[in-house]
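Number of protein chains: 2
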Amino acid sequence: MPEKNRQIRLAARPQGEPTADDFELVECEVPSCGSGQMLLRTIYLSLDPYMRGRMNAGESYAPPLEIGQVMEGGAVGEVVESKLRGFAAGDIVIAPLGWQEYAISDGSGVEKFDPKLGPISYGLGVLGMPGLTAYTGLLTIGQPRPAETLVVAAASGAVGSVVGQIARIKGCRVIGIAGGAEKCRFVKEELGFDDCLDHRAEGLEERLREVCPTGIDVYFENVGGAVFDAVLPLLNRFARIPVCGLIAHYNATGLPEGPDRLPLLMHAILSKRLAFRGFIVSDFADQTPQFRADVSGWLQEGRIKYREDITDGLENAPGELIGLLRGENFGKKIIRVGHDPTAHTAHTAHTAD
Amino acid sequence: MPEKNRQIRLAARPQGEPTADDFELVECEVPSCGSGQMLLRTIYLSLDPYMRGRMNAGESYAPPLEIGQVMEGGAVGEVVESKLRGFAAGDIVIAPLGWQEYAISDGSGVEKFDPKLGPISYGLGVLGMPGLTAYTGLLTIGQPRPAETLVVAAASGAVGSVVGQIARIKGCRVIGIAGGAEKCRFVKEELGFDDCLDHRAEGLEERLREVCPTGIDVYFENVGGAVFDAVLPLLNRFARIPVCGLIAHYNATGLPEGPDRLPLLMHAILSKRLAFRGFIVSDFADQTPQFRADVSGWLQEGRIKYREDITDGLENAPGELIGLLRGENFGKKIIRVGHDPTAHTAHTAHTAD
Numbered sequence: 484m485p486e487k488n489r490q491i492r493l494a495a496r497p498q499g500e501p502t503a504d505d506f507e508l509v510e511c512e513v514p515s516c517g518s519g520q521m522l523l524r525t526i527y528l529s530l531d532p533y534m535r536g537r538m539n540a541g542e543s544y545a546p547p548l549e550i551g552q553v554m555e556g557g558a559v560g561e562v563v564e565s566k567l568r569g570f571a572a573g574d575i576v577i578a579p580l581g582w583q584e585y586a587i588s589d590g591s592g593v594e595k596f597d598p599k600l601g602p603i604s605y606g607l608g609v610l611g612m613p614g615l616t617a618y619t620g621l622l623t624i625g626q627p628r629p630a631e632t633l634v635v636a637a638a639s640g641a642v643g644s645v646v647g648q649i650a651r652i653k654g655c656r657v658i659g660i661a662g663g664a665e666k667c668r669f670v671k672e673e674l675g676f677d678d679c680l681d682h683r684a685e686g687l688e689e690r691l692r693e694v695c696p697t698g699i700d701v702y703f704e705n706v707g708g709a710v711f712d713a714v715l716p717l718l719n720r721f722a723r724i725p726v727c728g729l730i731a732h733y734n735a736t737g738l739p740e741g742p743d744r745l746p747l748l749m750h751a752i753l754s755k756r757l758a759f760r761g762f763i764v765s766d767f768a769d770q771t772p773q774f775r776a777d778v779s780g781w782l783q784e785g786r787i788k789y790r791e792d793i794t795d796g797l798e799n800a801p802g803e804l805i806g807l808l809r810g811e812n813f814g815k816k817i818i819r820v821g822h823d824p825t826a827h828t829a830h831t832a833h834t835a836d
Numbered sequence: 484m485p486e487k488n489r490q491i492r493l494a495a496r497p498q499g500e501p502t503a504d505d506f507e508l509v510e511c512e513v514p515s516c517g518s519g520q521m522l523l524r525t526i527y528l529s530l531d532p533y534m535r536g537r538m539n540a541g542e543s544y545a546p547p548l549e550i551g552q553v554m555e556g557g558a559v560g561e562v563v564e565s566k567l568r569g570f571a572a573g574d575i576v577i578a579p580l581g582w583q584e585y586a587i588s589d590g591s592g593v594e595k596f597d598p599k600l601g602p603i604s605y606g607l608g609v610l611g612m613p614g615l616t617a618y619t620g621l622l623t624i625g626q627p628r629p630a631e632t633l634v635v636a637a638a639s640g641a642v643g644s645v646v647g648q649i650a651r652i653k654g655c656r657v658i659g660i661a662g663g664a665e666k667c668r669f670v671k672e673e674l675g676f677d678d679c680l681d682h683r684a685e686g687l688e689e690r691l692r693e694v695c696p697t698g699i700d701v702y703f704e705n706v707g708g709a710v711f712d713a714v715l716p717l718l719n720r721f722a723r724i725p726v727c728g729l730i731a732h733y734n735a736t737g738l739p740e741g742p743d744r745l746p747l748l749m750h751a752i753l754s755k756r757l758a759f760r761g762f763i764v765s766d767f768a769d770q771t772p773q774f775r776a777d778v779s780g781w782l783q784e785g786r787i788k789y790r791e792d793i794t795d796g797l798e799n800a801p802g803e804l805i806g807l808l809r810g811e812n813f814g815k816k817i818i819r820v821g822h823d824p825t826a827h828t829a830h831t832a833h834t835a836d
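Protein chains in written order, with this note's numbering: chain A, 484 to 836; chain B, 484 to 836.
Read the hints as simulated data drawn from the structure, not as lab findings. A portion of the hints provided could be inaccurate.
[As the list claims (entries may be wrong)] The calculated lysine-lysine pairs, modelled on BS3-like cross-linking and capped at a C-alpha distance of 30 Å, are:
1) 755/B - 755/A
2) 788/A - 653/A
3) 755/A - 671/B
4) 755/B - 653/B
5) 671/B - 788/B
6) 671/A - 653/A
7) 599/A - 566/A
8) 755/A - 788/A
9) 653/A - 755/B
[As the list claims (entries may be wrong)] Some chain A residues well away from chain B (every beta-carbon gap over 12 Å; in silico):
10) 517
11) 571
12) 743
13) 760
14) 781
15) 799
16) 823
[Stated by the list, open to error] With beta-carbon atoms standing in for the labels, derived distance ranges:
17) 592/B - 806/A: 57 to 67 Å
18) 794/B - 734/A: 52 to 62 Å
19) 540/A - 503/B: 28 to 38 Å
20) 698/A - 503/B: 51 to 61 Å
21) 742/B - 502/A: 22 to 32 Å
Just so we're clear, the structure is a prediction, and the values are computed from it rather than from any experiment. No residue lacks a Cβ here, since even glycine has one placed at the ideal position from N, Cα and C.
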């Protein structure tokens with residue numbers, strides 16, 4: 484049995500962008516496993532934009548973390564020891580392990596992951612929560628139809644890349660938005676989007692207008708900010724806007740200066756008969772089996788490609804989350820916390836390149 | 484055959500609230516009726532908030548009126564002479580006659596109205612466009628469920644009164660908002676809403692919070708402005724907001740001062756998984772038969788009550804529209820332009836009081 488556990492805890496509530504001082508790396512005992520429990524070892528930890536919201540005091544769709552609590556996060560883990568029916572040592576699971584090397588679980592929120600579906604880290608991305616977010620938000624709320632134009636930002640990321648590729652499969656013209664020329668090239672050439680714009684270059688609104696000559700029918704909202712501002716005037720009548728994230732706002736400490744554009748947005752909703760709907764992935768958990776079947780099929784057919792951005796070492800998680808919120812990752816951001824026992828299995832049918 | 488026609492035309496585009504000078508009363512010849520046409524006589528003209536939008540130059544869901552054009556408006560009319568198959572002299576019709584005593588029509592947008600359904604003026608209200616707006620927006624987008632709380636403003640008006648009464652029939656707790664104690668008393672005592680708040684009194688947000696202790700599940704948006712601001716913090720998770728009008732904004736000449744609350748609204752949509760959807764009544768025209776059947780049934784059972792605010796004389800339409808935009812009407816605003824040949828028919832089953 485392992486003896487030492489390492490954890491990263493919330494040390495302070497960030498003001499704006501988080502800094503290293505907002506996190507604390509702590510070494511402690513590995514907890515022991517009672518009846519009806521199991522001990523899990525973290526292999527891959529997922530970093531996601533929503534984590535920034537949990538660091539705030541205000542209420543969102545989940546209660547905030549308390550100061551001193553272990554940072555929350557989904558992970559792929561291995562069962563080390565089990566006193567819980569249905570789980571055995573060696574099982575690979577997707578579980579809310581948090582930012583730590585070992586955790587005790589009573590099975591809540593834990594799901595076994597079959598390594599035959601693909602690399603086990605995909606359970607945190609295209610075959611996991613971000614993939615389900617993309618699939619359900621796009622198909623249930625976005626309702627893409629052939630020949631419509633869809634726009635999605637963070638297009639090289641875990642959610643955006645899947646949104647755009649599924650929309651292509653459904654017959655849409657798909658425009659991505661990403662940060663930097665390298666990501667844009669990847670989105671266009673590797674993922675097969677019709678075009679991809681660099682939001683860091685000048686004149687986004689004008690360039691977007693040029694590549695959307697017939698307007699925008701579906702905007703999958705996961706960033707907000709300047710991208711939303713460029714999209715809003717181009718939305719067509721009856722456009723659908725699934726609202727899944729607002730990463731551009733997460734570090735904001737207050738509202739921007741005026742004028743107050745809330746009435747402008749309401750007027751657009753009315754005059755163009757727009758449909759905005761917010762969602763989180765758990766709202767559509769019942770679609771998981773259909774999602775897994777569809778997306779693993781599309782992966783195997785090569786119709787969906789997927790890129791990961793993996794960094795080694797739990798101690799690097801704070802810096803990588805800060806980078807993620809700045810858009811510095813390139814692909815689904817993952818921290819490799821421990822050894823992957825399946826890493827030498829061949830998964831050629833599933834890899835992106 | 485009549486010889487003189489009177490029309491009210493758009494004389495100037497209003498800056499903010501319209502004034503009498505923005506309208507021009509013109510006397511002209513009664514047009515003659517060619518083959519495939521009919522001559523219609525206006526009996527009742529409907530005044531509605533959307534007319535303010537048509538007076539602006541900017542595009543909305545319909546093209547703007549040009550200066551010098553006859554003001555648009557729905558009306559109940561009588562066929563004077565018909566060279567159009569399917570219509571005969573004496574027929575009562577609902578038609579887009581505009582603000583004038585006589586008009587030529589080729590039948591576009593004209594619908595016969597059966598006087599047996601109720602007073603023919605009801606075809607402009609509870610049994611016409613405002614009623615269909617209330618019915619479709621509430622049931623299709625609002626999706627009210629038993630024991631939920633619904634809020635609607637302009638609650639004594641043509642749309643709001645029907646929204647609230649149908650929501651009551653569907654088992655909701657219904658809170659109205661109206662302007663002045665007399666309207667509030669009517670909404671509560673005559674229409675049977677659970678409560679009604681006067682938006683002219685102080686502390687609307689606080690009073691609304693008191694009467695919605697379990698939050699708001701459906702907000703039927705037809706006013707915007709201060710009412711929306713009071714509603715937004717009280718919206719429950721998964722609340723639905725059909726957006727049908729924004730009368731509080733129609734006279735606005737620019738955006739309000741900051742801060743910019745657009746990100747605040749987007750954050751609420753995301754964190755509470757709200758669904759906002761704009762619509763206009765023609766989007767749901769296919770529901771008209773079901774609407775007519777349901778609402779005329781509820782009228783006859785006394786489960787829906789309806790109040791009109793009728794003013795005589797075409798020349799009074801401009802002043803009455805200005806008053807409507809200020810909320811001075813009490814009930815569905817109608818101008819009686821000409822004699823109602825059905826006025827002595829008994830319709831006791833349909834009248835409000």
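Worksheet item: Going by Cβ atoms, does residue 799/A stay more than 12 Å from chain B at every point?
Response: Residue 799/A clear of chain B: closest Cβ-Cβ about 29 Å, beyond 12 Å.
Worksheet item: Should the label of residue 517/A as a non-interface residue stand, given a Cβ cut-off of 12 Å to chain B?
Response: holds, 35 Å
Worksheet item: CB of residue 794/B to CB of residue 734/A, is that within 52 to 62 Å?
Response: Because 56 Å falls inside the window, the suggested range holds.
Discussion item. For a C-alpha distance cap of 30 Å, please report whether residue 788/A and residue 653/A respect it.
Written reply: The hint holds at about 16 Å.
Item to complete: For the pair we were handed, residue 755/A and residue 671/B, check the Cα-Cα distance against 30 Å.
Response: violated, 34 Å
Worksheet item: Is the hinted pair residue 653/A and residue 755/B satisfied, with a Cα-Cα distance of at most 30 Å?
Response: holds, 29 Å
Item to complete: Say whether it holds or is violated: residue 823/A keeps its Cβ farther than 12 Å from all Cβ of chain B.
Response: holds, 34 Å
Item to complete: Mind checking the hinted window 22 to 32 Å against the Cβ distance between residue 742/B and residue 502/A?
Response: holds, 26 Å
Discussion item. Beyond 12 Å on every Cβ pair: is that true for residue 743/A relative to chain B?
Written reply: violated, 4 Å
Fill in: Minimum Cβ distance from residue 571/A to chain B greater than 12 Å, as the annotation requires
Holds, since 37 Å exceeds 12 Å.
Discussion item. I want to verify a distance hint. Is the separation of the beta carbons of residue 540/A and residue 503/B within 28 to 38 Å?
Written reply: Since residue 540/A and residue 503/B have Cβ atoms about 55 Å apart, the given range 28 to 38 Å is violated.
Practice prompt. Quickly compare the C-alpha distance for residue 755/B and residue 755/A to 30 Å and report which way the hint goes.
Written response: holds, 23 Å
In this structure, the hints that do not hold are numbers 3, 8, 12, 13, 19 and 20, in rising order.
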